[in-house]
Amino acid sequence: MDEKTRHILECLEADARISHEKIATLTGMPVEEVSRIIKDMENSGVIRKYKTVIDWDLAGDENVYAIIELKVSLERRLGYQALVERLYKFPEVRSVRLLSGQYDLSLTVSGSSMKEVAFFVAEKISTLDQVQHTTTHFVLKTYKEDGVILYEQDQVARLPVTP
Amino acid sequence: MRKTCRPSKFVADVINQVPPSGIRRYFDLASEIDDAISLGVGEPDFVTPWHIREACIHSLECGETSYTSNYGLMELREEISGSFSVKYNTFYDPCSEILVTSGVSEALDVAIRAITNPGDEIIIPQPSYVAYVPSVMFAGGVPVPVMNSIENNFRLLPEDLEAAITDKTKALILNYPNNPTGATMSRKDLEAIADVVAEHDIMVISDEVYDCLTYNGRHTCFASLEGMRDRTILLNGFSKAYAMTGFRLAFAMAPPEIIASMMLIHQYCMLCAPVIAQLGAIEALRNGQTEMEKMVRDYDRRRHLIVSGLNKVGLDCFEPKGAFYAFPSIQSTGLSSEEFAERLLFEQKVVTIPGNVFGEAGDGFLRCSYATSMQEIEEALARIEAFVDGL
Chain G
1 MDEKTRHILE
11 CLEADARISH
21 EKIATLTGMP
31 VEEVSRIIKD
41 MENSGVIRKY
51 KTVIDWDLAG
61 DENVYAIIEL
71 KVSLERRLGY
81 QALVERLYKF
91 PEVRSVRLLS
101 GQYDLSLTVS
111 GSSMKEVAFF
121 VAEKISTLDQ
131 VQHTTTHFVL
141 KTYKEDGVIL
151 YEQDQVARLP
161 VTP
Chain W
164 MRKTCRPSKF
174 VADVINQVPP
184 SGIRRYFDLA
194 SEIDDAISLG
204 VGEPDFVTPW
214 HIREACIHSL
224 ECGETSYTSN
234 YGLMELREEI
244 SGSFSVKYNT
254 FYDPCSEILV
264 TSGVSEALDV
274 AIRAITNPGD
284 EIIIPQPSYV
294 AYVPSVMFAG
304 GVPVPVMNSI
314 ENNFRLLPED
324 LEAAITDKTK
334 ALILNYPNNP
344 TGATMSRKDL
354 EAIADVVAEH
364 DIMVISDEVY
374 DCLTYNGRHT
384 CFASLEGMRD
394 RTILLNGFSK
404 AYAMTGFRLA
414 FAMAPPEIIA
424 SMMLIHQYCM
434 LCAPVIAQLG
444 AIEALRNGQT
454 EMEKMVRDYD
464 RRRHLIVSGL
474 NKVGLDCFEP
484 KGAFYAFPSI
494 QSTGLSSEEF
504 AERLLFEQKV
514 VTIPGNVFGE
524 AGDGFLRCSY
534 ATSMQEIEEA
544 LARIEAFVDG
554 L
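As they're listed, the protein sequences go chains G and W.
Residue 55 in this note's numbering is what sits at position 55 of the first sequence, and the numbering runs on without skipping anything.
Residue 251 in this note's numbering is what sits at position 88 of the second sequence, and the numbering runs on without skipping anything.
In short, the hints are calculated from the structure, not lab data.
A hint or two may mislead.
Stated by the list, open to error - Here are the in silico distance ranges between beta carbons for each label pair: (1) Val210/W with Asp55/G: 21 to 27 angstroms; (2) Leu140/G with Gly409/W: 34 to 40 angstroms; (3) Glu322/W with Tyr151/G: 58 to 64 angstroms; (4) Tyr230/W with Leu140/G: 42 to 48 angstroms; (5) Glu238/W with Leu128/G: 38 to 44 angstroms; (6) Glu3/G with Glu217/W: 28 to 34 angstroms.
Keep in mind the model is a prediction, meaning the values are calculated, not measured.
Glycine is no exception: its CB is placed at the ideal position from the N, C-alpha and C atoms.
Using the sequences plus the hints, can you model the full thing?
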């Protein structure tokens, strides 16, 4: 990755709403070049989506989240892909990851109550042929999401003037 | 009745000769104003990366709280030596050519004291960091300012250096990337300085604490130039590159005879740099590269923002290629640096430092640090615009 691209991606990662003009100012590049590079990255899939980090708890949302670990057995010729595609089509499933170690897959699942999530796992996930075993961990509190700390921290005072 | 005491008469003459720090005055003024935005800060706004702080916490848990060698921990000196070999292809022997100090401030003081006889002249290109002139005076030397100018992007010109050299000249203090101007000097610029330095057989104290904060282009280490290693005292530290200002940790590198002389002073005035900071510095050198590069890219974007913003409001600002300062000219406003900075502070609550604090050559300029968040820089620029428009 070249230095210009890295600058642009860091700007967008810090603030998805930043304008191309602002990025041009911050990087000293012409705005046309910024727009072209961003367009290319949108087309190639480097930039997947522009999204917002939301503290749903603070917003008063009652949704519960759970991390589900899956131990799976694979069918001949069909790798993880076939199973993963069945899993991620459920809107309840927020993320799907292939893991190293004791478990094979990790899902993040959301639902309106613990009961709903538990039943979703019992009825839709555990019953899949390839799934041997599931472990459900309910999320009690999120402290940091996608690099953003979700509570107010004390600011350390700096002196206003130093040499 | 005994004689009354007038304490001030006991203060040494040299102290009274040192002019009061202009920065100090702005500190006092700025402290009186609530919710001012400060562009007056000469330190990173980043907190020391967590892995460094964590290493320090771990060292405390392990009870590593003793004195170290006067020179500093051997492990740290080896890391420093290794990093300079890689970065600048210049080798310093960790056993005899590196001294770990409490900040570049101490390294500077010790370096000057180690080479200065009463009456020796030390050349200081200006605008310069505020400690250089007083440090030379405390050591009994004579500071000789050389005026750098905006026409040359605040680089030191070889002819100006040559003109300042007399038979009493002992050394030149270089500081590039520069505080307060953000100026840098290219390899070619420095080669020309090296020619003059060698010709007149003087030493160079090169304060390169901002070396990692060099944008578009690579920093040239003065000691890496042909023939310069043996006549250079190289100063560098962890404050700027690793956001470790409060740790007070830096180092000097020089030929063994010079380091031995510096150590002689250091061992009696400081004994050794704080061990906890030394352990943090080892961690910084081993694992700090990625976060440091990220900080540098962040500074680079703020640099573009502040320079274009200042130019937009009509304060001519040359492109600073290093450190984290913009140094705009305020001459178009007709105000003096001090008037501008003071009125900006009281009328729009933005703290900046008037350029004349850094020597006469800084008159007509303003030091604006961009080591502060993007939002604060934008707000400060908006306030500066309002101030300039209202003049």
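Against the structure, the hints:
1. Val210/W with Asp55/G: 21 to 27 angstroms: 22 angstroms, holds
2. Leu140/G with Gly409/W: 34 to 40 angstroms: 36 angstroms, holds
3. Glu322/W with Tyr151/G: 58 to 64 angstroms: 59 angstroms, holds
4. Tyr230/W with Leu140/G: 42 to 48 angstroms: Given a distance of about 47 angstroms, which is inside 42 to 48 angstroms, the answer is holds.
5. Glu238/W with Leu128/G: 38 to 44 angstroms: 54 angstroms, violated
6. Glu3/G with Glu217/W: 28 to 34 angstroms: 29 angstroms, holds
Checked against the numbered hints listed earlier, the structure breaks hint 5 alone; every other hint is satisfied.
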